[in-house]
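Take these sequences, add in the hints, and give me the full structure.
Top to bottom, those sequences are chains A and B.
Each residue of the first sequence is one higher than the one before, starting from 1 at the first, in my numbering.
Each residue of the second sequence is one higher than the one before, starting from 335 at the first, in my numbering.
Honestly, I wouldn't trust all of these hints.
Said to hold, decoys possible - Between beta-carbon pairs, the in silico distance windows are:
id	chain 1	residue 1	chain 2	residue 2	range
1	A	V310	B	S540	25 to 33 Å
2	A	K318	B	E401	35 to 43 Å
3	A	V65	B	E401	49 to 57 Å
4	B	E401	A	G216	42 to 50 Å
5	A	A317	B	R543	53 to 61 Å
6	A	R277	B	R386	54 to 62 Å
7	B	G625	A	G216	41 to 49 Å
8	A	P51	B	E401	37 to 45 Å
9	B	G625	A	A73	32 to 40 Å
10	A	A317	B	G394	55 to 63 Å
11	A	E186	B	E342	44 to 52 Å
As the list claims (entries may be wrong) - Listed below are several chain B residues computed to face chain A (Cβ distance under 7 Å; list not exhaustive):
id	residue
12	A481
13	V531
14	S581
It should be emphasised that the hints constitute simulated quantities derived from the structure, not laboratory data.
A quick note: this is a predicted structure, and the numbers were derived from the prediction, not measured.
Glycine residues also receive a C-beta, built at the ideal position from the N, C-alpha and C atoms.
2 protein chains.
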Amino acid sequence: MIRVDFAEAKRTMEAALLRSGFVRERAALSASLFAVASLEGVYTHGLERFPRFVEFIAKGWVDPVAEPVLVSAVGALERWDGRLGPGNLNALTAMDRACALARDSGIGCVALGNTNHWMRGGQYGLRAAENGCIGLCWTNTTPNLPAWGGLDNVLGNNPLVMAVPRADGPVLLDMALSQFSWGKMEAYAARGEELPVAGGWDEAGSLSRDARAVAGTRRAVPVGFWKGSGLSLLLDLVGAILTGGASVGGVGQRGSEHGLGQVFVAFDPALLPDEGRVAEAVEEMASRVHGSRPVSPGQRVRFPGESRLVVREENLAKGIPLREELWAEIRSLG
Amino acid sequence: MIRVDFAEAKRTMEAALLRSGFVRERAALSASLFAVASLEGVYTHGLERFPRFVEFIAKGWVDPVAEPVLVSAVGALERWDGRLGPGNLNALTAMDRACALARDSGIGCVALGNTNHWMRGGQYGLRAAENGCIGLCWTNTTPNLPAWGGLDNVLGNNPLVMAVPRADGPVLLDMALSQFSWGKMEAYAARGEELPVAGGWDEAGSLSRDARAVAGTRRAVPVGFWKGSGLSLLLDLVGAILTGGASVGGVGQRGSEHGLGQVFVAFDPALLPDEGRVAEAVEEMASRVHGSRPVSPGQRVRFPGESRLVVREENLAKGIPLREELWAEIRSLG
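Written out as structure tokens, the structure reads:
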């Protein structure tokens with residue numbers, strides 16, 4: 001592991017994106033989203049993911065100059081076509097638009113079809129919060145999760161994001177619907193460590209904490225077993241209807257994870273009586289969670305998103321930790 | 335176990351509600367919702383729950399004549415005050431109103447504060463689907479789930495419902511965010527059976543499939559462990575802001591589960607291009623799920639809500655199965 005200065009990481013990726021056909025302003029924004037993901041500790045969807053993103057551009061699966069266009073609008077619900085543009089830029093545009101709709105209608109929704117992997121989903125929750133809105137969004141994925149009672153991966157792990165504005169950094173939930181991402185399971189397997197809870201099924205069909213055994217069957221477990229299986233299926237189905245684009249099944253037929261569907265919902269609390277008393281509600285929640293006796297004495301119970309700024313401060317000061325080979329690879333692209 | 339004719343069950347509960355202060359039309363509707371829940375196999379929130387509902391009326395926690403009133407409206411987002419009326423009638427009104435908003439704006443949201451337990455949440459998803467809409471709704475509860483890393487029950491199991499219209503009966507997800515409800519765990523404990531997966535923690539602080547051990551600590555496990563803990567917290571926080579009502583913390587201070595907050599969101603696909611091609615999306619999903627090889631040979635993999643009408647037909651023909659003492663108790667109320 002080495003550490004790389006945030007500004008340098010950003011600059012290097014920006015150069016790579018310019019070489020890949022991005023125009024300057026969009027290269028800067030996209031590179032910044034990758035760099036901030038790593039800066040805030042979401043390493044799997046930051047620099048770690050960047051070379052694959054550049055590869056997807058080279059393969060024609062991501063069009064660096066495509067911008068999303070409006071397909072249909074009625075009231076507070078809009079459908080947009082992502083035109084296979086960069087997933088992170090498309091998603092940012094979509095959440096901004098959902099917030100603009102919410103500013104007029106209290107609630108707004110943008111269904112974005114034909115788009116690409118949004119990388120770190122939490123980013124769009126944070127963006128909603130920056131806009132003063134409550135954000136709720138989800139994406140579909142390639143088929144990577146079995147339906148409950150089935151052997152084949154017919155569902156996606158369809159990450160789901162929720163965020164609520166807060167002065168000291170939003171409350172932020174960013175969760176995929178598999179218990180562990182494949183990236184996390186690979187890390188456990190590489191370290192030879194047991195998963196903290198069952199991550200999937202082994203060859204014998206038993207739930208297993210052995211990440212290598214689960215990698216062998218490719219049968220990961222949904223959060224809450226049958227419950228996450230159902231939630232994954234409904235999120236994808238609703239997304240397919242609202243976007244008019246590919247379901248997880250349709251994405252699977254493409255053979256690579258592109259052409260996804262995403263749904264962005266924003267609520268504007270400023271339009272509620274007393275502007276929703278957001279800070280009050282957040283503080284009540286925080287003091288309730290913090291007041292809980294911890295399982296491990298001395299460790300404070302935390303709410304989702306609470307550690308983000310701590311990691312950010314550390315990585316800003318010391319640099320973003322990453323594998324030396326990865327940094328060499330990213331530099332070779334710039 | 336005995337079996338009771340659906341119409342007789344409904345009539346008996348209607349009589350009990352009339353004696354409890356309901357007006358005729360509302361007694362009929364509320365009794366019907368309780369009877370249909372049991373008819374369709376959701377026994378825990380049908381007849382099984384009815385005596386407690388009558389008790390809550392007697393205690394003044396549910397006001398049988400209160401109807402929800404509009405508090406604030408902006409565009410497609412409305413806040414309503416449930417005035418501690420019957421939770422099932424309030425929720426039905428709220429989902430109907432969310433659908434009416436969606437008919438104008440594509441999406442609509444009703445945040446309902448100061449209401450009561452909605453009993454079977456799936457009912458409001460089904461109602462959205464009857465209205466031709468996609469439904470998404472959730473409720474908070476009394477504190478009954480620990481936050482991840484904590485010992486105390488500071489979160490609710492906050493049931494979440496999603497439904498999509500389908501000619502042969504909607505796709506319907508109705509899930510609480512605990513892996514098992516306390517009712518289900520009691521049933522396992524009574525039968526002396528092991529839970530199929532861990533349901534909570536035992537005295538030693540280990541995850542356990544022993545329902546009695548979990549009942550001893552009252553520490554149930556959220557779906558997906560840390561993930562469901564986060565989702566529960568966010569749903570409640572968003573609900574508290576939108577409704578302006580009590581969070582799970584506020585409900586806990588009341589000492590009994592009343593004065594809840596619920597959020598109802600509807601999307602009207604009829605306003606999308608090609609009316610969202612709902613049937614097509616649903617059939618693609620169904621054939622994908624059904625095409626999955628089953629874990630148990632010969633058993634078809636199913637999607638959420640698929641078995642509902644099978645149970646309904648059986649119970650319509652044979653009567654609703656219930657405990658003899660329970661039926662005697664309900665009859666004594668009527």
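Right, here's what the structure says about each hint:
A C-beta distance of roughly 30 Å is found between V310/A and S540/B, which places it inside the suggested range of 25 to 33 Å. Distance hint check for K318/A and E401/B: the Cβ-Cβ separation is about 60 Å, which falls outside the suggested range of 35 to 43 Å. A hinted range of 49 to 57 Å for the beta carbons of V65/A and E401/B is consistent with their spacing of about 55 Å. For E401/B and G216/A, the Cβ-Cβ distance of about 58 Å falls outside the hinted range of 42 to 50 Å, so the restraint is violated.
Range check, A317/A to R543/B: Cβ separation about 45 Å, and the 53 to 61 Å hint is violated. In this structure the supplied range 54 to 62 Å is violated for R277/A paired with R386/B, their Cβ-Cβ distance being about 32 Å. Between G625/B and G216/A the beta carbons are some 23 Å apart, a value that contradicts the proposed interval 41 to 49 Å. Evaluation of the 37 to 45 Å hint for P51/A and E401/B yields a failure: the beta carbon distance comes to about 60 Å.
The hint said 32 to 40 Å for the Cβ distance between G625/B and A73/A, and at roughly 36 Å that hint holds. Between A317/A and G394/B the Cβ separation comes to about 58 Å, which falls inside the hinted range of 55 to 63 Å. Hint check: E186/A to E342/B, Cβ distance near 59 Å, so the stated range 44 to 52 Å is violated. Annotation: interface hint on A481/B holds; nearest CB of chain A at approximately 5 Å, less than 7 Å.
A distance limit of 7 Å between C-beta atoms decides the matter here; for V531/B the minimum to chain A is near 6 Å, and the interface restraint holds. Look at S581/B: its Cβ gets to within about 6 Å of chain A, closer than 7 Å, so that hint holds up.
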